[in-house]
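2 protein chains.
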Amino acid sequence: MPRRVDHDERRRHIVGALLRIAGTQGLDAVSMREVAQEAGVSLGAVQHYFASKDAMLLHALEQWLNLDVHRSFAERIRARVAREPAATPLATLRAVAAEYLPHDDATSLEARVGLSFQSRAAVTPALAAALVPAYTGFVDTLRGILRHSGRPLDADTAARELAALLDGLRHPVLIGALPYADALGIVDGHLARLLAHERRA
Amino acid sequence: MPRRVDHDERRRHIVGALLRIAGTQGLDAVSMREVAQEAGVSLGAVQHYFASKDAMLLHALEQWLNLDVHRSFAERIRARVAREPAATPLATLRAVAAEYLPHDDATSLEARVGLSFQSRAAVTPALAAALVPAYTGFVDTLRGILRHSGRPLDADTAARELAALLDGLRHPVLIGALPYADALGIVDGHLARLLAHERRA
DNA sequence: CCGTGTACAATACGAGTGTATTGCAAAAAC
DNA sequence: GTTTTTGCAATACACTCGTATTGTACACGG
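These protein sequence lines map, in sequence, to chains A and B. So the working numbering is basically just the index in the first sequence, starting at one, shifted up by 306. So the working numbering is basically just the index in the second sequence, starting at one, shifted up by 306.
Honestly, the hints are just simulated from the structure, not real lab data. We treat Cβ as the ideally placed atom computed from N, Cα and C, and that holds for glycine. Just so you know, not all the hints are guaranteed correct.
Claimed, not checked - These stretches of chain A come out as covered by chain B in the derived footprint (C-beta under 8 Å, 3 or more residues):
| # | segment |
| --- | --- |
| 1 | 331-338 |
| 2 | 389-398 |
| 3 | 415-424 |
| 4 | 458-471 |
| 5 | 477-485 |
Stated by the list, open to error - Chain A is faced by these chain B residues, among others (derived, beta-carbon under 10 Å):
| # | residue |
| --- | --- |
| 6 | 332 |
| 7 | 372 |
| 8 | 374 |
| 9 | 423 |
| 10 | 427 |
| 11 | 429 |
| 12 | 438 |
| 13 | 456 |
Please work from the sequences and hints to get the whole structure.
Here you go:
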């Protein structure tokens, strides 16, 4: 077998170009030629690594969820929590919210990529199938943090509620209908009410 | 001036076809020819009523927000509240949530249309500009209902929070990651906590 | 060193896109 | 009844799209 190249590395490189386009111009603007140009390779190279555009999009979503999001997002959370006086569940959740909501170019791009894929997944079962475990994983993570709060709350319901709140706050912030600080304030209020609450759920 | 036809009616007819396509196959599947065929008219007719595809999409979003959503949605809310024993703020908000979350073909289509436009608005300022007042209007409506609860809460923040929660719950329901009943239960818990709450916000 | 299979590059193809152009039937204006 | 203007239909044009095909440089196994 000739020509040793790192197959996975090339795919990550191409997918990176794809995500950059999707984050700035939307998934509609993603064509194989555009991706090739953004990645600095030929159309033939892109075709060589992905059998079809659908396969490329699916692989892009999976890589984005498993590598880009998981890694950089978790890293930013840790960095933010480290700056806090105490790594309490509340501080951690606030850090998650602060990083999840779009507040600069990188996070806005991330939010747009997520929104694009969510929109397409609504009419493309293959993408929905890849998105479901990511949603479940996010909820599990939130639930794990909530469990450490020591409060008598339904952690699973609270986690799903928080996930939905964060996701739902992204859109008005993205289109400029709600300032980032206001969105963060809403999450703060939600968390305060949730964790200070002693009554029945 | 010859040939009297109701200009607005024809536009609504064409836009209706467009929204049907967007709701079932996504906004990407919307082409002028597809819209023409779905509407049962010629491509020339569509061009006659819309100067460009962008103008058609913008008009479609505006009509959808101002006519389809406002009218049918408000109507369904009223019908649902009428079935309740008392038209309390809580009952009204539960009705809003029950109708907002996708639970049948019509509401799933509505949610997919909304999601498609949100996604495109993130990269198309003209669409974002049309979406902002719709968001504001929705928040105003929720705030108006919350004000009648007689609870000492920050109605504006609570309204924005509820709007985000509802929007964020739509997506996992759409992709089948969260059952409709569970989503509604989350809203119930949120409303109960919100309206039963006596402490500071 | 020589074949063999890999990693591309280049190009071609048919389908579909938005838009512009042209033509024409019919109804109102005169 | 002629003229004019509207409401469309048909078609053409220049692209772009995903995909298929072909060619080739080149590293490895033998």
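So, going through the hints one by one against the coordinates:
With a cut-off of 8 Å between beta carbons, the segment 331-338 of chain A has 5 residues touching chain B; three or more are needed, and the interface restraint holds. Counting residues of the segment 389-398 of chain A whose C-beta lies closer than 8 Å to any C-beta of chain B gives 0; at least three are required, and the coverage claim is violated. With 5 residues carrying a beta carbon less than 8 Å from a beta carbon of chain B, the segment 415-424 of chain A meets the three-residue requirement, and the given coverage holds. For the segment 458-471 of chain A, the proposed coverage by chain B is satisfied: 7 residues have a C-beta within less than 8 Å of a C-beta in that chain, meeting the threshold of three.
Chain B is given as covering the segment 477-485 of chain A, and this holds because 7 residues of the stretch bring a CB closer than 8 Å to a CB of that chain, at least three being needed. Interface hint status for residue 332(B): upheld, as the beta-carbon distance to the closest one in chain A is roughly 4 Å, under 10 Å. Below 10 Å, beta-carbon pairs count as interface contacts, and residue 372(B) has none with chain A, the closest being about 17 Å; its hint is therefore violated. Hint status for residue 374(B): violated, given a least beta-carbon distance of 18 Å to chain A, over 10 Å.
Taking 10 Å as the C-beta cut-off, the interface hint given for residue 423(B) holds, the closest approach to chain A being about 9 Å. A distance limit of 10 Å between C-beta atoms decides the matter here; for residue 427(B) the minimum to chain A is near 6 Å, and the interface restraint holds. Taken as an interface hint, residue 429(B) checks out: its beta carbon lies about 4 Å from the nearest beta carbon of chain A, inside 10 Å. Hint on residue 438(B) holds. Least Cβ distance to chain A is approximately 5 Å, under the 10 Å limit.
Against a cut-off of 10 Å between C-beta atoms, the interface hint on residue 456(B) is violated, since the closest Cβ of chain A lies about 18 Å away.
Hint compliance for this structure: hints 2, 7, 8 and 13 are not met, and every other hint is.
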